[in-house]
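A.B. asks: Chains as they are written, first to last, in full-length UniProt numbering: chain U, 1 to 266; chain L, 1 to 372; chain Z, 1 to 280.
Note that these hints are calculated values from the structure, not bench results.
Some hints here could point you the wrong way.
To be verified - Simulated pairs of lysine-lysine, DSBU-like, Cα-Cα distance not exceeding 30 Å:
#1 L:137 to L:180
#2 L:115 to L:137
#3 Z:114 to U:5
#4 L:239 to L:338
#5 Z:169 to U:2
#6 Z:114 to U:223
#7 Z:90 to U:5
#8 Z:114 to Z:128
#9 Z:114 to U:56
#10 L:241 to L:338
#11 U:2 to Z:91
#12 L:164 to L:180
#13 Z:91 to U:56
#14 U:56 to Z:90
#15 Z:128 to U:223
#16 U:92 to Z:169
#17 Z:90 to U:92
The residues making up each chain are set out below.
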Amino acid sequence: MKGLKLYAILYLIFLYAPIFLLPLFAFNSSTIIAFPLQSFTTQWFSALADIPEMHKAVLNSLRIAATSAVLATSFGIFAAMASTRYRFPAQKGLMGFIMLPLVLPEIIVAVSLLVVIVNAGFSTGAWSVIAGHTLICTPFAIAILQSAFASLDPALEEAAFDLGETPASTFRLVTLPLVMPGIISALLISFTISMDEFIIAFFLTGADPTLPVYLFSMLRFPKLLPAVMALGTLLVLASVVLLTIAEYFRRRGIKRAGAKDTGGFL
Amino acid sequence: MTQISTANRVKPTKPLIEMRDISKHYGDYHALCGITLDIHEGEFFSLLGPSGCGKTTLLRVIAGFEGIDSGAVLISHQDMARVPANKRPTNMVFQSYAIFPHLSVAQNVGFGLRKSTMSKAQKEAAVAEALEMVGLKGYGARAAHALSGGQRQRVALARALILKPKVLLLDEPLSALDRKMREQMQVELIRLQRQVGITFILVTHDQEEALVMSDRIAVMFEGEIAQCDDPEILYRRPKSKRVADFIGVMNFLPATLHSHAGTIIADVAGLGEAEIAADQCPAGIPEGDALVGFRPETLTLLYDGQTATQREAAGVISEVVYYGDMTYYDVTLVGVSKPVRISMRNVFGRDVLAVGDATRVSWSAGALVVFP
Amino acid sequence: MLISPTALYALALLAIPLGAIVLISFWTQTGVRDFDTTLTGANYVEALSDPIYRALMFRSLRIAGLVTLVTVLAAFPIAYFVSFGVPAQKKSLWIFLITIPFWTSYLIRVFLWKVILGYNGVFNSGLKVLGVIDQPLTFLLYNANSVVITLAHAYAPFAILPIFVALEKIDRSLLEAARDLGENRVMTFLRVTLPLAAPGVIAAVLIVFIPTIGDYVTPELIGGPGGTMIANMIQAQFLRLNNAPLGAALAVLAMLIVSVIAVAFLVLGSRASGAKGTRK
Ligand SMILES: Nc1ncnc2c1ncn2[C@@H]1O[C@H](COP(=O)(O)OP(=O)(O)OP(=O)(O)O)[C@@H](O)[C@H]1O
Ligand SMILES: [Mg+2]
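Start from the sequences and build out the full structure, keeping to the hints where you can.
C.D. replies: Right, here's the structure in full:
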């Protein structure tokens, strides 16, 4: 186990290497992203304030991510409830199909949506990115919500019904409070995925780029790279904060349901 | 023993729940086949049977959680077909207790009062009263997940009883408790049932539990009711070999029956001839081969010098199982290969017999039950 | 009936588009937005016979295969360590640590690998400072190697988690039983742990292999001419070369090949573990 532990630590260094480098270059005064480092500066962060296109892209992405997260989580609630509560014909096939985007290369999702949208005579835009992101976030939301619903004893809902509540008030008084942590972490994770997704947005975003699409275009201009590093640092920070919140809610959910913690998000 | 005798209680007989020829399938599996059963007002009724026989299904049919394919359930003469679970005058104590983990003990107990017209103070009083009834006075503010198994069960009981249902349904409520706790809760449940006076229907696969607690017991096998009687009759006069086997220990010996001058005579292998009373015999088999059963405690081993008060047979002890207060002897009777089991209360100063000892057995014809 | 909204959505936004792309792959592009809709197999003939597309397809398979091999081999010891070597209450912290990098911007992570592996990159300058090399190593960036390293990094949690879950499910008393029956640690690992972890390994292989073969960003940013993959060609056909039908045919072919490989792998895997007669 000693050797394994050393290996595990080296592996973590490998995993975190790019993320640790990011702030180094973001606070480095040189315009070239390379060692040796020069002096400390926060100019790249202040430079971010002067790129209005980027602000637009950030807002666009936030809007898309929030909408996709709400849609994907709602779809996730339906599917997770159906698959943990009931047995129905073709269940496996249907669920497998809904979970398919989890393994389907994103480029395929992107081009096939593009083909349909273009041929149906619509123009692409934020709505088409939302449609695509909802599609790929739904499986993640389902995976999280399934474990939330599965750890919920069905007798709890029956007990509420038995005590005179209607199916709707049972859902409001018992089901919802108990799966709420799962819902919150599904929302946060869908949001994070959508914020970060590039290829679908690249194909479907139309005239208003999302943040990753805008970033991708920035990468071609060496002059802009330090600002990219600064932006990246902020993004990583935001992701970590969101994930920590998500993890907190996930654990609280498990604790509430009185179950044992078994691991991460997936 | 802390058991409360149920044998001499006044047995109420007004039917509260009437089940008429109920059948239910899961796919092509027959979970309930033609159940017809009346359960009376104020009685402690048990559904007893091996795992998978359909006890839970029947209980959930009464509660309204499961639909039925054919037949009818009536509660207070009212057909329940179109009445959903939340509108039925029944409440349930779930096997897992189903205590809401996000609510406090008091909120759990008061859950069913949300829509009632009581004032807040009245509701609080009702919760306090229900908690006191189950021995949890002062536990109201506790978080639900900080309770022991026995306490959770009490909360579940209080929660179900607060709505004053006509029927309380209990699905194996004691199976998750350890033996000591279980025996204590048995006594408490009986006390509680007497106190509130409503009908309790208990599902259990533990025959001892059913015998201890119930006014009447329905024994179920494979979706059918094999016998429904009070505990004493069920134990002494089981209607079939299967029921006899399921409840306690029953010895079986082959016998031939013939009638003689209006009475039935059984010639029992290893024991000899005896007259059989009509109520010990299923109707319609007075002649030919049959099986005779008797409980271990209905036979007595005779020690040297003792004389039989009734009939007597000879045998050899082939196995001795010592239980402290009791000893079980397996005795091979003359001419019968399979030994019969006889239980004897141990008496201070009397030696336990040993394997291989020759012995005499005293028996009485009244203890025998004839099976087809 | 609860599932219907989700199922309908998946049907509308996944089944119909996938159907459409299959349909279009049999058309011919005649103008910027115009198609000749008579069905023809010409796109497939071109996709299969043109050596450029064939080479690209094989390279994608090779790179994805290599990425899968490297990722899963590197992931197994980590999953094993977290499952067997970490105290129970710290396990979810480790899993959390492993998943965090995965949730940070993919684009930026890929770009930073470019910074790490580049001519004046972190790696080369580090080695120069240490005096190991005088001239920067050039085989690191803009080729298949850099793509493999970057993708192995990106898909690490996808490989670790399924294996970890499979290892967690192993009843620890089985291992004690094997030891009790006289096997040493190594043999216990080979005869009990590894076969029981097989479903997790199979899941890891598929979940890494399938998306990597269609990855676009990594080959685009750091693949160079020797590292481009099929997704880049599909993108080019759709957005730059204006030959959507050919792009669609390439996408359909890629999907088909991936499905065949995945199914073959699943069958082999279930046969291998089925042969042991204990698992369904
Ligand atoms: N929802 C269901 N779908 C299919 N079969 C079911 C379902 N519920 C119960 N069954 C089957 O019906 C039969 C009776 O089940 P039931 O739960 O009533 O048994 P039980 O007598 O309560 O047994 P136990 O003592 O194990 O609780 C069992 O064979 C069970 O497998
Ligand atoms: Mg049951």
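A.B. asks: So, for every hint listed, does it hold in this structure?
C.D. replies: The hints, checked one at a time:
For a cut-off of 30 Å, the pair hint linking residue 137 of chain L to residue 180 of chain L stands: about 22 Å separates their Cα positions. Annotation: proposed proximity of residue 115 of chain L to residue 137 of chain L holds, straight-line Cα distance about 24 Å (limit 30 Å). For the given pair, residue 114 of chain Z sits about 28 Å from residue 5 of chain U by alpha-carbon distance, which is consistent with the 30 Å threshold. Straight-line distance between C-alpha atoms of residue 239 of chain L and residue 338 of chain L comes to about 23 Å, which keeps the hinted pair within the 30 Å bound.
Of the supplied pair hints, the one linking residue 169 of chain Z and residue 2 of chain U holds, its CA atoms being roughly 23 Å apart against a limit of 30 Å. Between residue 114 of chain Z and residue 223 of chain U the alpha-carbon distance is near 16 Å, which keeps this suggested pair within the 30 Å criterion. Simply put, residue 90 of chain Z and residue 5 of chain U have alpha-carbon atoms about 14 Å apart, close enough for the 30 Å limit, and the pair holds. The suggested pairing of residue 114 of chain Z with residue 128 of chain Z holds, with an alpha-carbon distance near 18 Å, which does not exceed 30 Å.
A threshold of 30 Å between alpha carbons decides the hint, and for residue 114 of chain Z with residue 56 of chain U the separation of about 27 Å falls inside it, so the pair holds. A distance of roughly 17 Å separates the Cα atoms of residue 241 of chain L and residue 338 of chain L; the hinted pair therefore holds under the 30 Å criterion. The suggested pairing of residue 2 of chain U with residue 91 of chain Z holds, with an alpha-carbon distance near 17 Å, which does not exceed 30 Å. Under the criterion of a C-alpha separation no larger than 30 Å, the hint pairing residue 164 of chain L with residue 180 of chain L is consistent with the structure, at around 29 Å.
About 41 Å separates the Cα atoms of residue 91 of chain Z and residue 56 of chain U, which puts this hinted pair outside 30 Å; it is violated. For the proposed pair residue 56 of chain U and residue 90 of chain Z, the alpha carbon gap of about 41 Å is over 30 Å, so the pair is violated. This hinted pair checks out: residue 128 of chain Z and residue 223 of chain U have alpha carbons roughly 26 Å apart, not beyond 30 Å. Among the hinted pairs, residue 92 of chain U with residue 169 of chain Z is consistent with the structure: their alpha-carbon atoms are about 22 Å apart, no more than 30 Å.
Straight-line distance between C-alpha atoms of residue 90 of chain Z and residue 92 of chain U comes to about 34 Å, which puts the hinted pair past the 30 Å bound.
Of the numbered hints given earlier, the model fails hints 13, 14, 17; all others are met.
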